[in-house]
Structure formats: structure tokens, C-alpha cells
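Read top to bottom, the protein sequences are chains A, B, C and D.
Under UniProt numbering, think of the first position of the first sequence as 1, with each following residue one higher.
Under UniProt numbering, think of the first position of the second sequence as 1, with each following residue one higher.
Under UniProt numbering, think of the first position of the third sequence as 1, with each following residue one higher.
Under UniProt numbering, think of the first position of the fourth sequence as 1, with each following residue one higher.
If you're looking for bench data, these hints aren't it; they were derived computationally from the structure.
Careful, some of the hints might be misleading.
It does not matter which identical chain is used: a pair holds within one copy or between any two.
Below, in silico cross-link-like pairs of lysine to aspartate or glutamate (DMTMM-like), each with a Cα-Cα straight-line distance of 20 Å or less [as the list claims (entries may be wrong)]: (1) Lys79 / Asp107; (2) Lys33 / Asp82; (3) Lys33 / Glu80; (4) Lys77 / Asp106; (5) Lys77 / Asp21; (6) Lys77 / Asp22; (7) Lys33 / Glu128; (8) Lys79 / Asp138; (9) Lys33 / Asp21.
There are 4 protein chains.
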Amino acid sequence: MLDSQNTSSRNTPLATHIGADDLPFVEIGGGNKLKVIHVRAAEGLWIVENIFQAGYEVATHRHTGPVFGYTVAGAWKYKEYDYVNRAGSYLHEPAGSVHTLHCVEDDTRVWFQMYGANLNLTVDGRIESVTDGAAALDAYLALCQAQGFGRPNVLVG
Amino acid sequence: MLDSQNTSSRNTPLATHIGADDLPFVEIGGGNKLKVIHVRAAEGLWIVENIFQAGYEVATHRHTGPVFGYTVAGAWKYKEYDYVNRAGSYLHEPAGSVHTLHCVEDDTRVWFQMYGANLNLTVDGRIESVTDGAAALDAYLALCQAQGFGRPNVLVG
Amino acid sequence: MLDSQNTSSRNTPLATHIGADDLPFVEIGGGNKLKVIHVRAAEGLWIVENIFQAGYEVATHRHTGPVFGYTVAGAWKYKEYDYVNRAGSYLHEPAGSVHTLHCVEDDTRVWFQMYGANLNLTVDGRIESVTDGAAALDAYLALCQAQGFGRPNVLVG
Amino acid sequence: MLDSQNTSSRNTPLATHIGADDLPFVEIGGGNKLKVIHVRAAEGLWIVENIFQAGYEVATHRHTGPVFGYTVAGAWKYKEYDYVNRAGSYLHEPAGSVHTLHCVEDDTRVWFQMYGANLNLTVDGRIESVTDGAAALDAYLALCQAQGFGRPNVLVG
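So that you can see chain A by itself, here it is in the shape it has in the complex (with noise of 0.2 Å):
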């Protein structure tokens, strides 16, 4: 009784489209570059995309959740590991991995689907700092702000 063959039904939930252009890049330093697309706060999960420039890196952080990597162009690579991920790469970061980001070339392109939070490491292994999906979302739209986008419609949910 609590099921229904018909699939056509009228409450169907509709899929989210967001076009190369909805959202604006933000300026993080050095031609660096964030977009932060999707938030589900509850769940832990951010999505976004970065722009790297070579020699950007990214403070060792250990995941708490796991992240799904897609190279879309460039090439970047973690300290910790010899490969390089390039166009058409992807990569599967579990949770608790650790890593440190070095961007190798210019114009790197590259979403990262993350569930739950980084944990920012010292040089000595201790947390300096957090960063989630919460947090992530409102530096970005405190950027947007700072960099005359106003308020982009972020998916949140």
C-alpha cells in the first residue's frame, strides 16, 4: 500500500541546472580562483570549482568525509603522492586521507565533490584550522560581495 508502478507522478522533484556563467569566480590570491556551486549543510556536502595558478598550494588537511576530484584541464598533484592529475583524471580522496595541494600548471580546472570538513594541519600534525561546506559558502559569498558579483544564487539544499 505504500507504493506506486506510476512514476509520472505531478510532485516529480525537478534537477538544478547551473550554466558555466550563473556563478561568478571569485579572486582567492594570486589568480587564484574559487566557485563554491552546491551546499547541503546537513549532509556535509560542498561541491565546488577551482582556477589554480602553478605554484598555488593548499595547507596540508586531513578529509573527515570523502571528496571525488575531476581534473577538467591543467595539472596539479598532492606532495604526499608521485602522480599528477591531469585533464580526464579523477580522484577518489577517502575519508581520513591527508594531503597537501601543489598546483604544477596554470589555468588548472577542478571540481571537487567533498562530504564533511577539512582539517587544516600545522607542519607538526596538530589542527590549526577548520573549513566545510558552512564555512566554504560564506567566504564565498562574503568575496562575491567584496568583488562587486553581489549575491549569486549558490544551490543550497
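Got chain A; can you put chains B, C and D on it based on the hints?
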């Protein structure tokens, strides 16, 4: 007593990198191609990359879990919506959403990170078949074998 | 710049408590009862509590996402397995698993945390109907209305 | 070609049952007890059952993923909220939520299905330590060994 501030454990799990050429694209007819990259069957997770040619269609289907689509090249749409998915766009398909894929431009490239199953529907909305990560993996491995690619190292688990 | 060590933010999200009597159990026939507690439809999440009577059966179904079962009282089993689920036991049903619920003792009580849909199968393994969180919620709300419970405050989202 | 309507595949994955006595409760001090039931580390999932005695406290912590709490017996609360969790209640703690557990009645019993990590906080809101599924499993196995239970068969993966 259950915690540890020191995060540089010898047990740190490793990220898994799958380069663009590490897994083959198999032909699925008409120049359309499929690569199955990652399947975590117990969780219902499956990640694929597709190359579609203009005119390619995927039967109307309903998703039982959320889907996250990242378009890298070309143009495609769902017949149920006006927008066209192009390079750099993001698509969120909530669990329960229903749509019919139609490819608009040749060499369209999309990553889909999917949870759950596709319920493939007849024109009157009844379920004709089901596709999930385990089935996609089986099909991919069979096609790899048939097309001379041997047994590729799909990330499983 | 995207992080914050200070975690006592004014934006801290709140936990939601649903007391044992905050939502009614509805009768679903033969003294068997259902409570729908939490539905996050976009993610495919649905959490229910059931009270089953001896002899109650649920049609054979396949799950498209993982299910986590917590048995509080009584005894029930899946016909496909020998073990009996009793108070204090845990059951993990991976995506793709198939089974036929049979209740062994009166007043069996189980929480199910489910992702995705139940594909209800005929004896020859074809899909007869589909139950998901949205459908369960609709049915529950209708039964609440019909049984004089008004509109209960199920956690949605 | 990627689908199958016939669901009675020989490859159907199996459910895993863990009976109430299949895993030991270990003593964690003062008559409080812990059972680690299921850890899927890559996904950040950990499921535990606790028995708490009146007066037991868990340090203030922030969750980086969602938590689902099922209370079977007794009474406990978070100091930050007025409500008391009693038998038959459900608690949803979204990612980012912060709280300090205090047990009100002896032999309180709760299942927690958790994703991500607990960031354990000092009184001024700084992170003192981190607990996640992998750490909880290590601690549980060590306590089992020390308390004469050998190596229990926790569901891993």
C-alpha cells in the same frame, strides 16, 4: 580516550588516482562511449564518464538516489527541461527526478556521480528495466573484454 | 582564508529531537504499524519505525541503496536467511540486496534508516511496484489524516 | 544494454546480521560501555552502541557529518538543549552541530549512526582532539583485547 589529535598516523588511508588513459572508453553504439570509473556497490555509488554524439538518447528514467553531473565538453539536455548542459556546467538531479537525455553536439563529455539505480521507464511510465552500479560494471567489463581491452582496473570499494 | 578554528559560531545548526510520542504510529492492517520519522527526499533518505505482529510479511523487495536496521523488541527474519533479528541486533542491507520480511513474534519493533527505493518484486523477480521515502511519507500522512491524527510534524529535509 | 529487469541475480549482495551478543560491550570507565558495530572508513561511516550511566558526560564536540541517534532505554540529554532523549526517541544531528552529552539515568542505551568526525572542543571552542570511525575502531579493538574479549568481528566495509 577514543581520540587522537596527532593526525599523521601510519594508518592514513590513501587517495586513488585514475588517469585519463588508465581506463578505456568502450563503444556502446553509434560512436557513443562509456567508462566506468568507480563503483562502491554496498553504498549504491557509481561514477561513470560518457562521450555522447549528437542525437544520442537515453531512455526516460527515474533515479532512486541523487546524481551529480559535471559537463566537460559539448552540449546535451533533458527533454523535460529547456536548458542545455554545456562545458563547465553542473547538474544536480535529486532522488526521484525523471528525465530523458538527448545529446545536442558531437563529442559531448560528462561525468556522472550517481547513487542508487536508474529505473528505465516505458512511455506510459512503467518500469522496463533497472540499471545500477553493479549492472553498469558488469556491462562495462564485458564490453572491455569484447572490444579487446582486457580487464581494466575499475576502482571497486 | 576559508576556515575558522573558533567553532562556537552563531550559525551552529541545531539538532532535531523527535520524542517517542511526538509522531503517531498508524495502523497498516492486522495490528501492524508504521511511523515515518524523517525524510530527506533529495538525498533519498527515509527513516521509519515499524511495529509488526507475528505472521506479518512484506513482499520480496530489492533495495537500491543501503539500509540500516535496529531491532528494539520482538523477533523477525528474512526468509532468505536463517538468522532471526531480535532486540539489540543490527542489520546491514547493502544496496542491491533482496529479501522477504517475515515477523516471528508479536510487537516486534524495528527502526529502518533507508537510502533509495524498495523495488517490490513478483515471484518471478519482476518489479511490481516501487516504494521510496516520498511515497512512504505521502502514505503516512494520508493514514494519519484518515485515522484522526491530523498532520504530524515529520522531519523533512 | 546496461540493465536487467530480472533481479534474482546470482550476484545479489547479502545482508549482514550482528546479533545483540555477537560483539562485546567494552568498559570505558564508570560502568559506561561501548560497542563498535560497523565502520566503513572510506565513507566516514561508523555505527556504535553505548550504555551510559547517570552523570556520564562526553566532552563538547562538533560533528563534521550527519548523525542519527536511536535511544532504546534510559534518559540522556545535550546540555545545549532542554529536551531529554528517552526510549523510542529519534535524534537528528546535522553536520556542524555542537553539543555536550550528559546522561540522566542509569543504563541508558543509544545507537549512533555517524558520518565524519567528532571535533572535541575545549571550553573556549578550540579543537582538542578528533574522534572518527577509524579511531573508534582502534580503541574498541584495543579495549576488547585488554578486557579479555579477543578480536571481535566488527563489520568493516
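Checked hints:
| no. | hint | verdict |
| --- | --- | --- |
| 1 | Lys79 / Asp107 | within (19 Å within a copy, 34 Å between copies) |
| 2 | Lys33 / Asp82 | neither (25 Å within a copy, 30 Å between copies) |
| 3 | Lys33 / Glu80 | neither (23 Å within a copy, 33 Å between copies) |
| 4 | Lys77 / Asp106 | within (13 Å within a copy, 31 Å between copies) |
| 5 | Lys77 / Asp21 | between (27 Å within a copy, 17 Å between copies) |
| 6 | Lys77 / Asp22 | between (28 Å within a copy, 17 Å between copies) |
| 7 | Lys33 / Glu128 | neither (23 Å within a copy, 32 Å between copies) |
| 8 | Lys79 / Asp138 | neither (28 Å within a copy, 27 Å between copies) |
| 9 | Lys33 / Asp21 | within (14 Å within a copy, 27 Å between copies) |
When each numbered hint is compared with the structure, violations occur for hints 2, 3, 7, 8.
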